[in-house]
Amino acid sequence: MLRKIFEIYSYREMIIELVRRDLRGRYKGAVLGFLWTFINPLMQLLVYTAVFSLFLRSDIQQYYIFLFVALVPWIFFSSSLTGGSTVILSQSNLVKKIYFPREVLPITFVTSCFINMLLTYIVIFGVLIVSGYGFSLKAMLFLPLVWIVEYLLALGMTIPFSAVTVYFQDTSHILGIVCMAWQFLTPIMYPASLVPDRLQFLYRMNPMYSIIEMNRDILYYKQIPTVSHLVPSLLVGVFFLIFGELIFVKLQKNFAMEL
Amino acid sequence: MSQYAIEVDNITKSFKINYDRGKHLKDLFVRHEKSRTEVHQVLKGISFNVPVGQSLGLVGVNGCGKSTTLKMLTRILEPDSGSIKINGRVSSLLELGAGFHPDMSGRENIYINASIFGLKRAEIDKRLQDIIDFSELGEFIDNPVRTYSSGMYMRLAFSVAINVDADILLMDEVLAVGDLNFQRKCLRKLNNIKKGGATIVLVSHDTATIADFCDRAIWIKDGLAEKDGPAEEVAQAYMDYMDSLNPEEEEEKTYAKLFQDQKVPDAPEEIDPSRYNPPKTMDPSQNHFGLGDVLITGVRLMRTPASEKGNPDYVPTESLRFAPGDGMRVEYDYVRVNRKNTEYAFGVGFNAMDSSVIMGHNTKEEGTTIADIGDKGTISFTIHSLPLAKGEYMLNVSVIDDVYTPVDFYRCYLTFLVEDPTDHGIGTTWVNREWRLNGELIGPEE
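Top to bottom, those sequences are chains Z and F. Quick note: the first sequence uses this note's numbering, first residue 3, plus one each step. Quick note: the second sequence uses this note's numbering, first residue 5, plus one each step.
Bound conformation, chain Z alone (with noise of 0.2 Å):
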């Protein structure tokens, strides 16, 4: 495990260079080109603010600020998980050919996705100054342990997911229906207090309610997190990537022959 651990580093340059070739290839060809990595967002952003606060008032207040402090960690995740999973697959000239980790590929994905939400916080924090809703930068100390948290917890998923799609392409599709349930199981769209007490313990089992939960009291309440609510998504993330990578490494055997 170490070893493999240590290999990964070593093809640390490939994982930036291909991280750096999805982020800018993505918007070559486009006239507006790296913008839209923030015009995307943004737009979003005013959609789901004209249609709150015309057609579907809620009792929240700033309910778009509510909704999109949630939904930017949730859509890295879910699109991690999604379009993670086909990664291997899609990559297979290069891993019929050539050899590296084959963990390059799932980490190379997440770290994308990674870096794509972190610039669209960007966004965030442009919206919370400007709208005047305001931060509070205490709080805002604590988003990196956060971030560092959902990043374990998306890799740790991805990676076993992108080797079993190799076998059984129905894994993405059934991915793609879980992560929409999954989406409507943590509070993005409405707060967890909905949820019935007897249900409660039951429902905080989710690794992505905390992570959910703790960005909006930073962002939204503007809050210093309960740090302790976190270690249980850490444990999952962490188990997830060990145990992850265990099917990762007895599936990579057979990659060349399946692809």
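Check the hints yourself; a few may be wrong.
Pair ranges (Cβ atoms, derived) [said to hold, decoys possible]:
1) Gly27/Z <-> Glu42/F: 35 to 45 Å
2) Ser359/F <-> Leu44/Z: 48 to 58 Å
3) Ile88/F <-> Leu37/Z: 45 to 55 Å
None of these hints come from the bench; they were simulated from the model. We put the CB at the ideal spot given by N, CA and C, even for glycine.
With the hints as your guide, set chain F onto chain Z.
Here is chain F on its own, set in the frame of chain Z:
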């Protein structure tokens, strides 16, 4: 460090060929009663050690397991049993241009591609200039790769791959990139790498390259090492074996192989026209193949300069030097050795020096049936106005039978030269051209 760069001990590998399995989840649960699974054992136990600095060639027919062996050396595949030990940094040239993004510049793609080979940024920085120089792309290096011609693309890809300094270099038929000059440049570079002490494993159909380049070769047959020894011996043994295959059954294979194994004559960097002057006496060299019932005994290229075309008194002269627009007559003599009750047809073709086909015609395809060619005779093929651009070309001549089996087939009987001092373009086709800017003639200069 061990004296061996590569130690392969009794490796086996089999593939499961599953004829009608879909890659879907339901296959987990649904057992196909009728599904046919075949286990094909590609490697049945091969062992060899490669000392540091040796270059080893692997030869064998398609599907014999040589590429599988190479893939296991690169760690893309794992052996079912046996072990492989590699001492040193490996670079594999199995895939050129991996990870290239069409919208990014050549320079950016060098970084992506080299990083996939496992290079660190500082290492790439250090090699960047070498890579760009080697690719001969010059200022194009900052243009998006999608604007490149396929030749430029391959040159860039190969330049990256070959400049990844490695202790052990693994290659699979990648030498056949680019034009002949670039191929030779690559071969020179590979020779330098070899001299620098690198260990090289090369998989190729081309026994000539193996014999030239490698110290040692292993001929893999049906998953086992059939012969292991000095490259030339093994290449010869392999070729003899290929020749001995039943011509009826293996006709196509042999035909294809002979095409591949023809050595392309070395072209000088700068063409020396005097080489084509005066026309040499033709020596029916070894590079022909076929059933041999009819043999080509002499080939001549006759030239009528463009200026003499209208002159009925002009007698064409034998030449290997032509200009675009000249008249060319390809003449060849034949003798019939064995009388057989078949039709024959005659063919003439040109190839460029990189072996790409420029044109080819035969009498059968033209709709002509020659009932009896006699015991000997001369066939001629006239091109009224030679449409070739400047450069060297290879002439192929052939006699084939009614089902296209080669009876006597020369690939590159001779090479000839087309000269045109006014032509500075590229390509093999000569065109009568003019440039106009807003209607005003601006070129080419007379």
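Evaluation of the provided hints:
At about 41 Å, the CB distance of Gly27/Z to Glu42/F agrees with the hint of 35 to 45 Å. In this structure the hint that Ser359/F and Leu44/Z lie 48 to 58 Å apart at CB holds, the actual value being about 56 Å. In this structure the supplied range 45 to 55 Å holds for Ile88/F paired with Leu37/Z, their Cβ-Cβ distance being about 50 Å.
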